[in-house]
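Protein sequences, first through last, are from chains A and B. So that you can map any letter, position 310 of the first sequence is 358 in the working numbering, and since no number is skipped, the others follow by simple counting. So that you can map any letter, position 133 of the second sequence is 181 in the working numbering, and since no number is skipped, the others follow by simple counting.
A few of these clues could be false.
For lysine to any residue, the following SDA-like pairs were computed, each having C-alpha atoms within a straight-line distance of at most 25 Å [to be verified]:
1. A:Lys103 with A:Glu312
2. A:Lys103 with B:Glu314
3. B:Lys216 with A:Ala364
4. B:Lys96 with A:Arg349
5. A:Lys103 with B:Thr363
6. B:Lys96 with A:Lys103
7. B:Lys103 with B:Thr363
8. A:Lys216 with B:Glu314
Ranges of calculated distance between the beta carbons of each label pair, as one might list FRET restraints [said to hold, decoys possible]:
9. B:Gly276 with A:Val297: 36 to 44 Å
10. B:Glu275 with A:Arg259: 51 to 59 Å
11. B:Thr310 with A:Met313: 50 to 58 Å
12. A:Arg302 with B:Ser81: 37 to 45 Å
13. B:Asn62 with A:Ala374: 48 to 56 Å
14. A:Thr289 with B:Gln265: 50 to 58 Å
15. B:Leu318 with A:Glu272: 44 to 52 Å
16. A:Thr310 with B:Thr310: 53 to 61 Å
If you're looking for bench data, these hints aren't it; they were derived computationally from the structure. Glycine is no exception: its CB is placed at the ideal position from the N, C-alpha and C atoms.
There are 2 protein chains.
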Amino acid sequence: MKKPLAPDRPHSANDLAERVLAGDVRAAARLISLAENEPAQIRSPLQKLFPHTGKAHIIGITGAPGVGKSTLVDQLVERLRSRGQSVGIIAVDPTSPFTGGAILADRLRMQRHGTDSGVFIRSMATRGRLGGLARATSDGVTVMEALGKEVIILETVGVGQDEVEVAKYAQTTVVILAPGLGDEVQAMKAGIMEIGDCFVVNKADREGADRAVSQIQSILALKELGEGDWSPPVLRTVATTGDGLEELVGTIDRHLDHFTATGEMERFRLLKSRADFMSVLEETLSQYVLEEMLSDGALERIVESIASREVDPYTAAEEILARLQA
Amino acid sequence: MKKPLAPDRPHSANDLAERVLAGDVRAAARLISLAENEPAQIRSPLQKLFPHTGKAHIIGITGAPGVGKSTLVDQLVERLRSRGQSVGIIAVDPTSPFTGGAILADRLRMQRHGTDSGVFIRSMATRGRLGGLARATSDGVTVMEALGKEVIILETVGVGQDEVEVAKYAQTTVVILAPGLGDEVQAMKAGIMEIGDCFVVNKADREGADRAVSQIQSILALKELGEGDWSPPVLRTVATTGDGLEELVGTIDRHLDHFTATGEMERFRLLKSRADFMSVLEETLSQYVLEEMLSDGALERIVESIASREVDPYTAAEEILARLQA
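The shape of chain A in the complex, shown without the other chains (with noise of 0.2 Å):
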């Protein structure tokens, strides 16, 4: 006769933190599954990671789709690499509801990192994760750090609310535009002046690489610097042959050492571990609502009374902080 069987689920997933630990690729990915899709699963196996955490650098990519940020993102690892730094990148794509582009887009590239050991790379497209986006983001920062990467690249699409948000994840963000979208560059105006460290024109070898440039600089002229503050530099670069990739390394490198001597590196810990508290907090909190004040249709009444205006959210949340309290 055979034994019972242990419950499979709350066992793997704190054998997936001792595996992760130990170096083991596939554990990680599932773990980044597991935070994106079923994120009660991994606070065990967080709890277990996270003193492993917070020497990595992180460093943000961001640009419009079409300037050609994987094929920068897959220079720069290269680069990277080839000193010796183990690298994870994490590819956030918000726009996308479905994971099938992603997970293409990732086997794609992993083929072309795919012998190498030293690289991991994982694409997000959260939807519906109660944290949200940049909670799974950081869950997932958690989890590459954990694993020995040194670098971690944050690569997101675009400047929007979401972007932001990811982007305070990084130490150093770095965004990238492309001749020919002026447009966009007054769209991204504002993101821009706030989240950009280093601005980089990517195929730069094509025609109006110069206005792209001046436009940048002309808009980063009206921020104001202090004495002795970080003053983004605009690089330009061609991705597909690799110029102008050696400078974007070396700033990169610049901005880690201004950032740590300037004291900006504690200021920024303590804003992460803020922004990983309060969202980690409002999740726990909700899920602890749901799973045992709100289970057995009590939800479904309370959003019914909503709809028919019996009740208003404001009033029907009061009264549920009130008997949590009770």
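Position chain B relative to chain A; hints supplied.
Relative to chain A, chain B alone:
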């Protein structure tokens, strides 16, 4: 001797609700500002307004910068006004961290409909509100409805995660594109299929309009439609001349009829009520914890111990939940 004054804020916030119900546009503008910046102030007025809401037709209009969105919305508003409907417009711009641009755009557009008391335009470029942009937008819709607006247009930029969120608050979503933005069609592919009830190729007098229409149609052909499902049409407009606008208005009307007849309206009300409740609940719980449990430096102490890896954010959040119940 003067009598001590009652605290000004609570009184004036409740007063705002009365004034909004009486049709006071300036009170509505003030309340929407509070929704963006001081959400704690609007709970009580929104509780008063809520029973008077739920009847407006909410139309989401989304498109990238440069497709002629504002001009098209202006034309649409003119036609809705000419048949006697009162209209509210909420222009959601999550890409702009600064409100300066949004406010300027408001003023320019208000000049056009400025003498028409049946149109109320408001921009939102919310950041930092705990419940996020979707929460502030939903509150804005509540205020517009309580003000007596029969049609509310939610104008958003692009099709990122934010726009998909905001689209949940619209019964009819119109996606606007322009010729020559083929790459963008590709990039928007997945999001488009999911949220669009009607597609508009604006600037249809320009080269490439036919190709844009057939590109969109070929993407839409991938969508699996059941018996009696709404099949999103692809229209052509020239917003600057008004060409195609009558057809757009007719399509929006037909979609509303279909939405009501098939029972989708009822499902929409429940989904919107659920989204409202969940986001208000998250905000209520977080606000309570921040104000009542984590004031006087307690939050900072937790953040510091997370930054120094003494505790992980999951354990810290669970401790708060336990204290909340104690």
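| Outcome of range test on Cβ distance (B:Thr310, A:Met313; 50 to 58 Å) | Holds - the Cβ-Cβ distance for B:Thr310 and A:Met313, about 56 Å, lies within 50 to 58 Å.
| Is the hinted range of 37 to 45 Å satisfied by the C-beta distance from A:Arg302 to B:Ser81? | With Cβ atoms ~42 Å apart, the hint holds.
| task | Can you let me know if the beta-carbon spacing of B:Leu318 and A:Glu272 is within 44 to 52 Å? | result | Roughly 49 Å apart at Cβ, these two residues keep to the hinted range, so it holds.
| Proposed proximity, A:Ala364 with B:Lys216 (alpha carbon, max 25 Å) | 21 Å, holds
| said: So if I understand the rule, the pair passes when the alpha-carbon distance is 25 Å or less; does A:Lys103 with B:Thr363 pass? | reply: 21 Å, holds
| query | Quick one, are B:Lys103 and B:Thr363 close enough, alpha carbons at most 25 Å? | reply | Violated, because 44 Å separates the two Cα atoms, which is more than 25 Å.
| query | Keeping to a limit of 25 Å between CA atoms, is the pair of B:Lys96 and A:Lys103 held or broken? | reply | 50 Å, violated
| query | Falls inside 51 to 59 Å, the C-beta gap from B:Glu275 to A:Arg259? | reply | Given about 54 Å between the Cβ atoms, the range holds.
| task | Starting from A:Lys103, check that the Cα of A:Glu312 is at most 25 Å away, please. | result | 14 Å, holds
| Holds or violated: A:Lys103 with B:Glu314, Cα cutoff 25 Å? | 51 Å, violated
| query | Would you say the C-beta atoms of B:Gly276 and A:Val297 sit inside 36 to 44 Å of each other? | reply | 58 Å, violated
| Taking 25 Å as the top limit, are the C-alpha atoms of B:Lys96 and A:Arg349 close enough? | Status holds; Cα separation ~21 Å.
Comparing the model with each numbered hint stated earlier shows that hints 2, 6, 7, 8, 9, 13, 14 do not hold.
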